[in-house]
Every structure is written in C-alpha cells, then in structure tokens.
Amino acid sequence: MKITLNNNPDSFDDDDITVNQLLKLKNFTFKMLIIKINGNLVPKEDYESTMIHSGDEVMVLHLISGG
Amino acid sequence: MTFEEIKNILQNKTVGIAGCGGLGSNCAVALTRVGIGTLIIADFDVVSESNLNRQYYFRDQIGIPKTIALTENIGRISNSVKVVAHNICLTKENIPGIFRDCDVIVEAFDRADQKEILIETVIIEFPEKPLVIGLGMAGWGKNDEIHCRRVDNMYICGDEISEISPDLPPIAPRVGMVANMQANVVLELLLT
Chain R
7 MKITLNNNPD SFDDDDITVN QLLKLKNFTF KMLIIKINGN LVPKEDYEST MIHSGDEVMV
67 LHLISGG
Chain G
1169 MTFEEIKNIL QNKTVGIAGC GGLGSNCAVA LTRVGIGTLI IADFDVVSES NLNRQYYFRD
1229 QIGIPKTIAL TENIGRISNS VKVVAHNICL TKENIPGIFR DCDVIVEAFD RADQKEILIE
1289 TVIIEFPEKP LVIGLGMAGW GKNDEIHCRR VDNMYICGDE ISEISPDLPP IAPRVGMVAN
1349 MQANVVLELL LT
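Which chain is which? The protein sequence lines are R and G, in order.
Residues 7 to 73 in the working numbering are what the first sequence spells out, letter by letter.
Residues 1169 to 1360 in the working numbering are what the second sequence spells out, letter by letter.
Any given hint could be a false lead.
Said to hold, decoys possible - Computed, partial: chain G to chain R, Cβ under 8 Å: (1) G1187; (2) S1246; (3) V1249; (4) D1281; (5) L1303; (6) E1331; (7) D1335.
To be verified - Below, in silico cross-link-like pairs of lysine-lysine (BS3-like), each with a Cα-Cα straight-line distance of 30 Å or less: (8) K1297(G) / K50(R); (9) K32(R) / K50(R); (10) K37(R) / K1310(G); (11) K37(R) / K1260(G); (12) K1250(G) / K1175(G); (13) K30(R) / K1260(G); (14) K1181(G) / K1250(G); (15) K1310(G) / K1260(G); (16) K1310(G) / K1181(G); (17) K1181(G) / K32(R); (18) K1297(G) / K1250(G); (19) K1297(G) / K42(R); (20) K8(R) / K42(R); (21) K30(R) / K8(R); (22) K50(R) / K8(R); (23) K42(R) / K1260(G); (24) K1297(G) / K37(R); (25) K50(R) / K1260(G); (26) K1181(G) / K1297(G).
What the hints assert, rightly or not - Residues of chain R placed beyond 12 Å of chain G at every Cβ, according to the derived structure: (27) N12; (28) D19; (29) D20; (30) I23; (31) T24; (32) Q27; (33) L29; (34) K30; (35) L31; (36) K42; (37) S55; (38) S60; (39) D62; (40) H68.
By construction, these hints were calculated from the structure, which means they are not laboratory data.
The beta carbon of each residue, even a glycine, is placed where N, CA and C say it ideally should be.
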C-alpha cells in the first residue's frame, strides 16, 4: 500500500498495518511521539489497535528533550 | 500597525505558557514587553543555579518557585500584564481547566515526556486551539537549522534534531531564539 508519511510518499508490502508495525518498519525508536492519521490524533494507548490504510496521511512527530 | 494598535489588540488576549524554564520564561518576557493582556503560567519547579545559563531569572531568586519568580520579573517590566500563576505539576487531568480560556497555548517544557502529555491533551481537549511547541534547541550555532512549521493547529519551532545531552546542553542563545520564535508565532496568530 501507499501512504503519505510526514509529507513524503511511502509504500509498504502489506495492505494494512498497525501504527506499532509502522514504527517498527520505519525504525522509529523514539519513545515520545505524537502521531496523527489524516489529522486525527492517535493516543499512545491505541498504537497497537489502530490500523493504517492505503492513502492515509500519517504524521509522526519525534519529541526530543530540551527547553 | 503601530505599536499602540498592537498593544490595543494584545491587551484583550490570553496566552497560556506550560512550563517556566528556558522557553517559558523567555517567551513570557517577550510577550510582556509587547503588551499581552493575560499570561497563564504553570510550573512546579524552583529556580536553581543551573537554570541561569538560559532562563529569565536572577541569582537572588534561587530557591524560589519559578511561577513566583517569573511573576515578579514580569511585574518589573510591565504593570499592565495580568499573570495567573499555577505552581503545579501539569497533568492530563489539570491541563484542560488551567488553559481553557487561552487564545493560544505555548508548550515550553524541558522533558519529552512532559511535551507528549501536553500536546496530546491539548489536541484531544482543544483541537481548534493553536499550540506553539518548542522542539530541538540544544547546543550552539546552526542558526539556519532553526525553523517554524505548521501541522494543523500545531506550530513547531526549533531544529527538531538537537536533543540535550551532557555534551550538548541547552544554553541561552539557541533556547532564547526558539522561545522568541514561539512568542513571534503567538503574535502572528493574535494580530491577524
């Protein structure tokens, strides 16, 4: 399937994947993230149960310390 | 727009600042100088000596809660800003009540886990409210890597790369840049 990930086109072998699978496939290992699918926030507790479908716009923001 | 006109608009506006460290204290001072009406500030920490390399506090304020010290410093700059100070650890539960009446919220935490709680809670509770976050400002130099970009109602200021570490501490110039960039985004939102 094809999705847009952080404003760039990206494709995966599987048709639907969970948010957790996406993080593993992309090697996004940061613990602190903000994830939105088509503009809707995916709370951390829903990463395992939320599916990403073809055509979705996914934003993964990596939160880093400092301020 | 003249400065008088700017002040007339800003005096009726309320900005929430979550965290009174390097980002929060400097952003609050910038907004104070341009005439913001109300600042709602929140932090649970006290001023320590190690904060003075970037935060808008003074040596004689060491040991004082940051919300009290910042209220004092704001008052030394302007007597027209109303400060609502919460000396409290922000949580999922108390964030909505504290920031409900803000026109804009500034995320000014230090730790990534605190940033996550605030951003998630604001997006869930106030999806329409602009949220200005600071992300990546450790170290020095690299002026041109600091940027601002918008994702929905979230405005991200910083280089999004430089995480603090013992060899890459957060220090005044870059932290101040991002704090003032956040204040600048707030003005852009409030004056248009």
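Status of each hint after checking the structure:
1. Taken as an interface hint, G1187(G) checks out: its beta carbon lies about 6 Å from the nearest beta carbon of chain R, inside 8 Å.
2. About 24 Å separates the beta-carbon of S1246(G) from the nearest beta-carbon of chain R, more than 8 Å, and the hint is not met.
3. With a cut of 8 Å, the hint placing V1249(G) at the interface with chain R is violated, because the nearest CB-to-CB distance is about 22 Å.
4. Because the beta carbon of D1281(G) sits about 6 Å from the nearest beta carbon in chain R, less than 8 Å, this interface hint is met.
5. Given hint, L1303(G) at the interface with chain R, holds; its Cβ is 6 Å from that chain's nearest Cβ, closer than 8 Å.
6. Nearest Cβ of chain R to the Cβ of E1331(G): about 4 Å, under the 8 Å cut. The hint holds.
7. Below 8 Å, beta-carbon pairs count as interface contacts, and D1335(G) has none with chain R, the closest being about 13 Å; its hint is therefore violated.
8. Taking the CA atoms of K1297(G) and K50(R), the gap is near 21 Å; set against the 30 Å cutoff, the hint holds.
9. The straight-line distance between the Cα atoms of K32(R) and K50(R) is roughly 17 Å, inside the 30 Å bound, and the hint therefore holds.
10. Proximity of K37(R) to K1310(G) is assessed by CA-CA distance (about 26 Å); at most 30 Å being required, the pair is judged to hold.
11. Straight-line distance between C-alpha atoms of K37(R) and K1260(G) comes to about 18 Å, which keeps the hinted pair within the 30 Å bound.
12. Taking the CA atoms of K1250(G) and K1175(G), the gap is about 14 Å. The hint holds against a cut of 30 Å.
13. Using a Cα cut-off of 30 Å, the hinted pair K30(R) and K1260(G) holds, with the two alpha carbons roughly 27 Å apart.
14. A C-alpha spacing of about 10 Å is found between K1181(G) and K1250(G), which places the hinted pair at or below 30 Å, so the restraint holds.
15. Taking the CA atoms of K1310(G) and K1260(G), the gap is about 35 Å. The hint is violated against a cut of 30 Å.
16. The suggested pairing of K1310(G) with K1181(G) is violated, with an alpha-carbon distance near 33 Å, which exceeds 30 Å.
17. Of the supplied pair hints, the one linking K1181(G) and K32(R) is violated, its CA atoms being roughly 42 Å apart against a limit of 30 Å.
18. Restraint check for K1297(G) and K1250(G): satisfied, since their Cα atoms lie roughly 21 Å apart, inside the 30 Å limit.
19. Restraint check: the Cα-Cα separation between K1297(G) and K42(R) comes to about 16 Å, which is no more than 30 Å; the hinted pair holds.
20. The suggested pairing of K8(R) with K42(R) holds, with an alpha-carbon distance near 17 Å, which does not exceed 30 Å.
21. Taking the CA atoms of K30(R) and K8(R), the gap is about 17 Å. The hint holds against a cut of 30 Å.
22. Restraint check for K50(R) and K8(R): the C-alpha separation of about 23 Å stays at or below 30 Å, so the hint holds.
23. Annotation: proposed proximity of K42(R) to K1260(G) holds, straight-line Cα distance about 19 Å (limit 30 Å).
24. Simply put, K1297(G) and K37(R) have alpha-carbon atoms about 26 Å apart, close enough for the 30 Å limit, and the pair holds.
25. Taking the CA atoms of K50(R) and K1260(G), the gap is about 13 Å. The hint holds against a cut of 30 Å.
26. Proposed proximity of K1181(G) and K1297(G) is supported: the alpha carbons are some 13 Å apart, at most 30 Å.
27. Under the 12 Å C-beta cut-off, the non-interface status given to N12(R) relative to chain G is violated; the minimum distance is some 9 Å.
28. Residue-level check passed: D19(R) sits 28 Å from the nearest beta carbon of chain G, beyond 12 Å.
29. The Cβ of D20(R) lies farther than 12 Å from every Cβ of chain G, with a closest approach of about 26 Å, so its non-interface assignment holds.
30. Residue placement check: I23(R) keeps its beta carbon more than 12 Å from all beta carbons of chain G (closest about 22 Å).
31. The claim that T24(R) is not at the interface with chain G holds, since no C-beta of that chain comes within 12 Å of its own (minimum 19 Å).
32. With a closest Cβ-Cβ approach of about 21 Å to chain G, Q27(R) is found to remain outside the 12 Å limit, as its non-interface label requires.
33. Every CB of chain G lies more than 12 Å from the CB of L29(R), the least distance being 14 Å, so the non-interface label holds.
34. Distance check on K30(R): its Cβ is at least 19 Å (rounded) from any Cβ of chain G, clearing the 12 Å threshold; non-interface status holds.
35. At roughly 21 Å from the closest C-beta of chain G, the C-beta of L31(R) stays outside 12 Å, upholding its exclusion from the interface.
36. For K42(R), the shortest C-beta to C-beta distance to chain G comes to about 7 Å, within the 12 Å cut-off, and the non-interface label is violated.
37. Against chain G, the non-interface label of S55(R) holds: every CB pair exceeds 12 Å, the least being about 16 Å.
38. With a closest Cβ-Cβ approach of about 22 Å to chain G, S60(R) is found to remain outside the 12 Å limit, as its non-interface label requires.
39. Remark: the non-interface label on D62(R) is consistent with the geometry, its nearest Cβ contact in chain G lying 15 Å away (cut-off 12 Å).
40. Distance to chain G contradicts H68(R) as a non-interface residue, since its nearest Cβ pair spans about 7 Å, not more than 12 Å.
Of the numbered hints given earlier, the model fails hints 2, 3, 7, 15, 16, 17, 27, 36, 40; all others are met.
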